[in-house]
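Assembling the complex is the task here: the two chains are given apart, and the hints tell you how they should meet.
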Amino acid sequence: MITRELLKVVDVNIPAPQYVLLKLDAGKPMKGLIPGMFYELRAPSQAGRLFKPISILEVEDHLLSFLIKVIGAGTEAFAHLKAGDGVEALGPLGNGFPSINGRRVLLVSGGAGYPPLAWLKREADEAEFCLHLHGCATADEVFPCDLLYTVDGSQGHKGLVTDSVESLISDHKIDLVLSCGPVPMLAKLTNICIQVEHYVSMEAYMACGIGVCHGCAIPVDSDYKLVCKDGPVFDATRIRWSEL
Amino acid sequence: MKYIESSLGKLKLDSCVTVASGTFGLDYLKLRDADGKLLLPQESLGAYVSKTITYELKAGNPSPRLYETECGLLNSIGLQNPGLKGFLQTDLPILKDALRIPLIVSFSGSSIDEFCEMITAMEPYQEIAGYEVNVSCPNVEKEGIAFGADPDVIHKLVASLAALTDKELIVKLSPSVTDIAQMALAAQEAGASSIALINTLWGMAIDWRTGKAMLSKKVGGYSGRGVKPVALALVYKVAQVVDIPILAMGGIHTWQDALEFIYAGASAVAVGTANFNDPGAPAKIAKGLQEHCKTNNIHIKDLIANLR
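Protein chains in written order, with the numbering used here: chain A, 1 to 244; chain B, 1 to 308.
Excised from the complex, chain B in its bound form (with noise of 0.2 Å):
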């Protein structure tokens, strides 16, 4: 899509618009509408993002796992997957047969040797062209938010996996830190080549008329509507420090949403709670910055970090 190619690091995209780990699978490239035709050709896509994988298989957490609120989800999945083994053996033929662009990654281990070793076994897969490290998921213990919230940490994590790789390296952060530009110049200086962010924030919901937390975790991660003015001021301060691009997400679900997040200074961006709203969405907002850009006649990479 001519006006809105973009790039991540050492991965050209032919569409700036991704989608964000865990809100997307193969099912909604399968998708159709009432005449039959694709709700969303894979191509209006830059990049497929896996949902995260873990060294070990985890049956994730109990339900009631997800409660809308006013303007936005919770949920407290708990990164539910098959495993690094099962997504290699069983996942990854599969998605090598349906995709035809990027595929991206997402994973996270419990230490920093596990991280390694993970890496270590999808190198030699071709099919993946880039890695989503993923240190800032707020629904598990010990993987996730407890590598993402200490910048000596995030540097050592991504010096050992940097120098296990040469695709692209994305280390995406958590909001719930206290100064997530910290974070941000940690991974770059540590050889990340782009920064994804923010995953959700903590999120609750409790029902008054009982007193029961709406999530069986009490606590989950907060994502969808509500959560894009944080995001924007967010990708907005990373951009201030880091040379590396950035995949921005947080409450997408307009083209207009994701032209916001350009001038914020992302790259390229990621539609996560959006798809359960709306499924096809990335398409739309695809479509909308493609038309958006052509009327203008301006190529979006003259619009990122644009901030007037």
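Pulled out of the complex, with its shape left as it was, chain A reads as follows (with noise of 0.2 Å):
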């Protein structure tokens, strides 16, 4: 059931710069999410304008949590709440990511879209084997993983995070890549896992959220679908990569 509803704000924290992690408390217990779900959210400052379309970090019984990139004014609200103040939540919404289960997985993230795999990965004990890698652009973008690339250096691997995908997953005998980030990034590892099941969670505009104004709209298949409603987990060799 999706539900509009005010949520009180539990906690908020800066863990990197230009990051905000939110946790929500929704009042009740918090069953049958998946990863890869998503809330549009609202600081109260912004009524008026569309909601942010933002992916769950973690569920822990009641709680929410979401980790947010600031990238406009939309999202920069969400760095100036407190503890005790409500944020407007339409949710849960979107399809979430396969089972992970008995698979040998690997997770990989790229800047913002770290948060589906983080929560993925917390529940690697489903899996028969999980590695969780992490690309982003410098120091200052980084989360907890087991592998890190930066594109700079400036910690872990320099590179990016899909330079060793190949390798792994011949060395791990992976049989699932599941993936969020930037297109190009997404692309590319399309390219790669070509023997490899491989779902990617797609980014997109969004008004509504609920699959009615269609302008989240991505062309697969010969088709276009909606981020919001069709997913926005894709099987990746569906979706028309050149035309992004």
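There could be a bad hint or two in this list.
When the alpha-carbon atoms are kept at most 27 Å apart in a straight line, the in silico BS3-like pairs for lysine-lysine are as follows [to be verified]: (1) B:Lys30 - A:Lys225; (2) B:Lys212 - A:Lys69; (3) A:Lys229 - B:Lys30; (4) B:Lys85 - B:Lys58; (5) A:Lys229 - B:Lys218; (6) A:Lys188 - B:Lys237; (7) B:Lys37 - A:Lys31; (8) A:Lys173 - A:Lys158; (9) B:Lys156 - B:Lys212; (10) A:Lys225 - B:Lys212; (11) B:Lys58 - A:Lys225; (12) A:Lys225 - B:Lys217; (13) A:Lys225 - B:Lys85; (14) B:Lys218 - B:Lys58; (15) B:Lys96 - B:Lys2.
For the record, the hints were derived by calculation from the structure and aren't laboratory data.
Rendered as structure tokens:
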């Protein structure tokens, strides 16, 4: 059931420059949520503007955590919230990633695409093998993971998160790759993962969040699919990457 | 809703608040609040207006299709829809099942013959209470605005359609014309039973850092708060010349906005972009209007075109 309600802020902190970690109280145990699902969120100061689609980082009983990259006024407003404030929330929305149960999984995140894969990593016990790779521009965007890549080499391996995916897939007999991040990263990963099942969580400019406005369409198969309702998780081979 | 009942030509509305085509879907009627109550009981609405359908299915425009500006929304959806056949086979039975309020189908064609073929195919369905003829979409090439900019073409099209139906026939006009009153008069003379306005304005946004347009089609339709003064003026202008009722839309976010359109000459209003900013907005607007009228012991009909 999708609800629109005011959720109380339990905690706000800045875990890295340009990121806000927001913990909200859903008021009841949140069952049945799957990594990859998201909420449309809005700080009260942004009333009258569109909600922002934000992927869930963590669910602990009645608490929902979100790791939000600040890119404009709508996302910056989250940084100014205090415990006890309300956040307008519409959700939960979207389909979520397929199960990692019994699979040999590679989780690949880039930049702000970190949250759903970090959530999956916490459920790694279900998988036969699970390795989380995270890539970002500089040490300023570093979050906990198994293998870290920074473009400028300021922390972890110097280079792109996609650099060693091919060898990791063969070394660890990976049979499922799950990813979220910038389009060039996801497109490159799709080319690398030709022999392996690969699902991506996509980002799009969004208005309604519930499949009404058709604003968040991306090219999938011979058609357009909606990131909010058909996704955000798609079989990577079905996306027409060259059109994005 | 006693104080805000109204009508559009042949259609009696239990509420003067409706929704704008393309901004609303059945999913909005399923949303709930924290207590599990429906955010938008459908009885708040006088009618449900469908997303525009075209003869052939339309995949829509490439992404990005949306961009929010300081005071409104740009879109270039491109009338993505399942086509007439897909609508009648798949969507219409679902709408029939779900709706207890009148259904108005918005449709658009690429020729007068195509418009006529579409209305003929829809006529047998009793669950369709009326039509909104979309001659004003800025985001498609053949359908839409090409028809809405010439009063002779509007007259010919509407006369052809009026001969094929006795149901409510609403003609939705574009603001992007020199004299909208002429278009409205042409529609009225040809047999339209009401006029809807405004469709979106042309709009554009560019990223000054990169010089890149924010929409894939560069230019799109502009709606939301920023268009309200334009819409009010055009509703007022049209109300001065036509006798048929006006269904007004353009940046309505609150009941006070809606009331302004009633004063300008609208018999009913449609909530569009506000649905995205405030899911459940039409219910709040209907409630606000109802309470305002009750408090002042006045009926909404007494305020139509009652501009001072």
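Hints not upheld, ascending by number: 6 and 9
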